[in-house]
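Chain by chain, the residues run as shown.
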Amino acid sequence: MARSISFSEAVNEALTIAMAADENVILMGEDVAGGAQVDHLQDNEAWGGVLGVTKGLVQRFGRDRVLDTPISEAGYIGAAVGAAATGLRPVAELMFNDFIGSCLDQLMNQAAKLRYMFGGKAEVPLTIRTMHGAGFRAAAQHSQSLYALFTHIPGLKVVVPSTPADAKGLLLTSIADNDPVVFFEDKTLYNVKGEVPEGDYRIPLGKADVKREGRDLTIVAIGKQVHTALAAADTLAAQGIDVEVVDPRSLSPLDEDTILASVAKTNRLVVIDEATARCGVAADIAALVADKGFDSLDAPIKRLTGPHTPVPFSPILEDLYLPTPTKVIQTVAELLGDSSIAAAVS
Amino acid sequence: MSMVQTAKPVLTHEKALWMYRKMVEIRRFEDAVHDLFAKGKLPGFVHLYAGEEAVAVGVCAHLSEADSITSTHRGHGHCIAKGCNLDGMMAEIYGKATGLCKGKGGSMHIADLTKGMLGANGIVGGGFPLACGAALTAKRRGTNQVAVCFFGDGANNQGTFHEGLNLAAIWKLPVIFVAENNGYAEATPFTYASSCQRIADRAAAYAIPGLVVDGKDVVAVYQAAEEAVRRARSGEGPTLIECITYRNYGHFEGDAQTYKAKEERKRHLEELDAIVRFRSYLLDGGIATGEDLSRIEEEARAAVEQAIQFAEESPLPSPADLFDDVYVSY
Chain A
67 MARSISFSEA VNEALTIAMA ADENVILMGE DVAGGAQVDH LQDNEAWGGV LGVTKGLVQR
127 FGRDRVLDTP ISEAGYIGAA VGAAATGLRP VAELMFNDFI GSCLDQLMNQ AAKLRYMFGG
187 KAEVPLTIRT MHGAGFRAAA QHSQSLYALF THIPGLKVVV PSTPADAKGL LLTSIADNDP
247 VVFFEDKTLY NVKGEVPEGD YRIPLGKADV KREGRDLTIV AIGKQVHTAL AAADTLAAQG
307 IDVEVVDPRS LSPLDEDTIL ASVAKTNRLV VIDEATARCG VAADIAALVA DKGFDSLDAP
367 IKRLTGPHTP VPFSPILEDL YLPTPTKVIQ TVAELLGDSS IAAAVS
Chain B
11 MSMVQTAKPV LTHEKALWMY RKMVEIRRFE DAVHDLFAKG KLPGFVHLYA GEEAVAVGVC
71 AHLSEADSIT STHRGHGHCI AKGCNLDGMM AEIYGKATGL CKGKGGSMHI ADLTKGMLGA
131 NGIVGGGFPL ACGAALTAKR RGTNQVAVCF FGDGANNQGT FHEGLNLAAI WKLPVIFVAE
191 NNGYAEATPF TYASSCQRIA DRAAAYAIPG LVVDGKDVVA VYQAAEEAVR RARSGEGPTL
251 IECITYRNYG HFEGDAQTYK AKEERKRHLE ELDAIVRFRS YLLDGGIATG EDLSRIEEEA
311 RAAVEQAIQF AEESPLPSPA DLFDDVYVSY
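Residue numbers (my numbering), protein chains in the order written: chain A, 67 to 412; chain B, 11 to 340.
Bear in mind the hints are in silico, worked out from the structure with no lab data behind them. Given the structure is predicted, the values throughout are model-derived calculations rather than measurements. In this text, a Cβ means the ideal position worked out from N, Cα and C, and glycines have one as well. Do not take every clue at face value.
What the hints assert, rightly or not - Here are the simulated DSSO-like cross-link-like pairs (lysine-lysine), alpha carbons at most 30 Å apart as the crow flies:
no. : chain 1 : residue 1 : chain 2 : residue 2
1   : A       : K187      : B       : K51
2   : A       : K259      : A       : K277
3   : A       : K121      : B       : K51
4   : A       : K259      : A       : K393
5   : A       : K187      : B       : K125
Claimed, not checked - Reference excerpt, derived from the structure (chain A facing chain B, CB under 7 Å, subset only):
no. : residue
6   : G118
7   : I137
8   : G141
9   : L154
10  : N175
11  : R181
12  : Y182
13  : G186
14  : K187
15  : A242
16  : D245
17  : G260
18  : A352
19  : A356
20  : G359
Claimed, not checked - FRET-style restraints, in silico, Cβ to Cβ:
no. : chain 1 : residue 1 : chain 2 : residue 2 : range
21  : B       : T153      : A       : P373      : 38 to 44 Å
22  : A       : L107      : B       : E237      : 35 to 41 Å
23  : B       : A330      : A       : A297      : 44 to 50 Å
24  : B       : E237      : A       : Q207      : 43 to 49 Å
Looking at chain B on its own, in the form it has when it is part of the complex:
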């Protein structure tokens, strides 16, 4: 295990702006979903990614559409970072026919296989074997594609964590396991639920590299993922990266978050915000101008507004859609 420190500028102007754009899109999108949920516009329930943007973006910055990711019930950020269309995502969350899954998946199951997004997943720990399978396809076909499995700290106690990491290790599969340790599995602290100090410590059990990074430092995540993706693409097998992060909202919308200390929340929201930090990094390092970043912020705001309008104006599924895609009807 090692601590990766934010080093000197490692990003091209173009890559840096893409990363900033994706982070801001995620934040705007999630803040909008938060508001829409509070207004009663959205059916069901939603789990928001705001606060964790640096993880999805820092990792997906190394991926192309040919690479696969598996996601979690907190999946909007992964979708956006992997290139899913905001209109289709928002329409899906509204349950509209124009959604990425025609309104049949909802927030917890947004997927777009054409983008290598194998789906948000309502089952905690559901992604480990699936990511191994996607990596197995790549290995079998001799491509240099990789698969990334994003998972929360709650999933690291599931049996599939063990089975997935073991399988990936013995078969040297091109997988990167990315833990998003936001400190709480629902309302239960990581420190209570996991026997280890760090999730990354568990990598030793599979004889694979395990490292811990500041998951609110997108450059640190980017650097850690760079090496892990390189290893995977060159046939050296899987890596486990634990990103220490924090979710700005509750487990789900409506969660009063009584288990979080007030000071802790304040510090994360006000001092440690990943987007604020990255903005400073870009400006201080002369990688981007304030004008660049303001323009991106404005475009992200407009894109999310457009997505909401698209979703609002889209038709609902038709009753006959109930029976589509289930293979066998009676």
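For reference, chain A alone in the conformation it holds in the complex:
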């Protein structure tokens, strides 16, 4: 039965289910419990992550399985890789995806490559949970969305959920997967609520979800931008423009078929990604459709992305950085060559 819970609670629920089902599942990360070896601290008072996403897990599973690590990303992310290769199924938290600069080797050269490099004789059942996304006033080193970087690397799977229900089902699949998965959680989505089924259910990686069906135009949106796209689609519907919104949910593997089928139906494509445009996911999806869906297109593909800048701190600037429903509508107006659409909402 589904009930409405937050994105954060959905992630917590998936972790609880996975840990209860398999003793080999452990959590590792900076303050995933918090307050290690502090005598007066009761487990129920422990942080459970800087934003409380893993709260309560240490009470249930103990500090042997909810491991607070030093601030030492290369050390513990690498240890998670080694533990995975030798039989555990770790879920390691890289608090902010921006910190990948401190431990990229462990994912890029170790986790991603062991299976291939060793001729299929090693498995790395590792899940890296990491926060991404702008809009939190967290500034340039805590706000990026770096999934394109990981998608570029063969040997890593990349998941970017947009809803609580997807987060839970995709995280359970990711943990059960025998290969390394980088699981992105937009920190500004943690308090967003949605219907989430009870119990264990799995959403396959590489299966996009059509979040809204439409005939006139396809918007492919990544992570939180699915919500931006849906808001814009509501406004555009009032003007008689019927938008289809496709959420890839995982970037590697990428569900090419669903994207191509949607464009084959609507003949127009906008891709929304808050990350920067160059060599990004939006460029990759645009290239896919230009390559394999060219005959379907009635108009050039449009991309709406963040600008080629670091994420600024000042709220007025950060708000300018991010895609918005208004920007989506302007992009759609350009695509359709109909300025009256944008004028109607400005």
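Fit chain B to the known structure of chain A by using the hints.
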């Protein structure tokens, strides 16, 4: 820090012969790879372990297949000491389908997880966290398995050295960090690149034991590792052992080794050779007979020849193998 001296015979006949066999296998294997590379038989580039045999063998003598090791780009010796199959290793270095990694890893990535060999590693310092992870698995499961991280003096200046040792120390992980200080990181002397006198000195920063041994004395290495492995198996945490050693060849094949003094090379190759020293030790101590050792030498020679023949006659990977084991194909 302490100097371990070679003591009275500490090895059983059986263990001693196993150690001699592994050392000779490594030397023969590396000398053969040297020749094969010079003949243009091998793709890519290779880093040879000849000269450092006492380290891998003295340590691995205490390990079973259930124990894990992480290795370096100079990994052939670790593979052999940990029980990897010579045919599969040589085929891997040839890039053949029958290689331990089906020809997809090569010299720098030979691995055999069924033997607890978690891979040679092309990244200097790549092994510290991985070994901690293997030790974490053992600790979590309550086994008495240990993990050994072999690393060179070059890796002791990497950040992962600090992160790995710190993590192992705070979690009391069953890890033994074995430094193979051969004096040069590529062409740069250890004395230039490291701020410490000895790598083992750095153990003090993590409040773990650190010791220095003559890494060309396999009995000294064996004794130092014995205590470190005992500590690890009994839950007392990690140890750092620095083995002072020397590589007989260059950093990679084709290295003219201009940075090494002629006298130094001559002394190491002619006077301090680890295998010659161990041979004398075994004979002088009456632990083995000349016949025993000659037989082992002959068998090692034959095993390496067999490995070369196996590699030469093995098929290349098929084009479709390119796409295997990468999880996601487009």
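Structure-based check of each hint:
The suggested pairing of K187(A) with K51(B) holds, with an alpha-carbon distance near 26 Å, which does not exceed 30 Å. Between the alpha carbons of K259(A) and K277(A) the distance comes to roughly 16 Å, so the proposed pair stays at or under 30 Å and holds. Only pairs whose Cα atoms come within 30 Å are accepted, and K121(A) paired with K51(B) is rejected, the gap being roughly 58 Å. This hinted pair checks out: K259(A) and K393(A) have alpha carbons roughly 25 Å apart, not beyond 30 Å.
This hinted pair checks out: K187(A) and K125(B) have alpha carbons roughly 12 Å apart, not beyond 30 Å. Checking G118(A) against chain B by beta carbon gives a least distance of about 24 Å; that is not within 7 Å, so the hint is violated. Interface hint at I137(A): violated, since its Cβ lies 10 Å from the closest Cβ of chain B, which is beyond the 7 Å cut-off. Against a cut-off of 7 Å between C-beta atoms, the interface hint on G141(A) holds, since the closest Cβ of chain B lies about 3 Å away.
Interface hint at L154(A): satisfied, since its Cβ lies 5 Å from the closest Cβ of chain B, which is below the 7 Å cut-off. Because the closest C-beta pair between N175(A) and chain B is about 5 Å apart, less than 7 Å, the hint holds. Restraint check, R181(A) versus chain B: the minimum CB separation of about 5 Å is within 7 Å; hint holds. Among the interface hints, the one on Y182(A) holds; its C-beta lies about 5 Å from the nearest C-beta in chain B, closer than the 7 Å criterion.
Of the supplied interface hints, the one on G186(A) holds, with its beta-carbon coming within about 4 Å of a beta-carbon of chain B, less than 7 Å. Because the closest C-beta pair between K187(A) and chain B is about 6 Å apart, less than 7 Å, the hint holds. Because the beta carbon of A242(A) sits about 14 Å from the nearest beta carbon in chain B, more than 7 Å, this interface hint is broken. This hint holds: D245(A) has a C-beta 5 Å from the nearest C-beta of chain B, less than the 7 Å allowed.
Among the interface hints, the one on G260(A) is violated; its C-beta lies about 28 Å from the nearest C-beta in chain B, farther than the 7 Å criterion. With 7 Å as the threshold, the beta carbon of A352(A) stays out of range of chain B, its nearest partner Cβ sitting at about 15 Å, so the hint is violated. Interface hint status for A356(A): violated, as the beta-carbon distance to the closest one in chain B is roughly 15 Å, over 7 Å. Taking 7 Å as the C-beta cut-off, the interface hint given for G359(A) is violated, the closest approach to chain B being about 15 Å.
Take T153(B) and P373(A): their Cβ atoms lie about 53 Å apart, and the range 38 to 44 Å is violated. Range check, L107(A) to E237(B): about 37 Å between beta-carbon atoms, so the 35 to 41 Å window is met. Range check, A330(B) to A297(A): about 46 Å between beta-carbon atoms, so the 44 to 50 Å window is met. Roughly 45 Å separates the CB atoms of E237(B) and Q207(A), a value that falls within the hinted 43 to 49 Å.
When held up to the earlier numbered hints, the structure conflicts with 3, 6, 7, 15, 17, 18, 19, 20 and 21 and fits the remainder.
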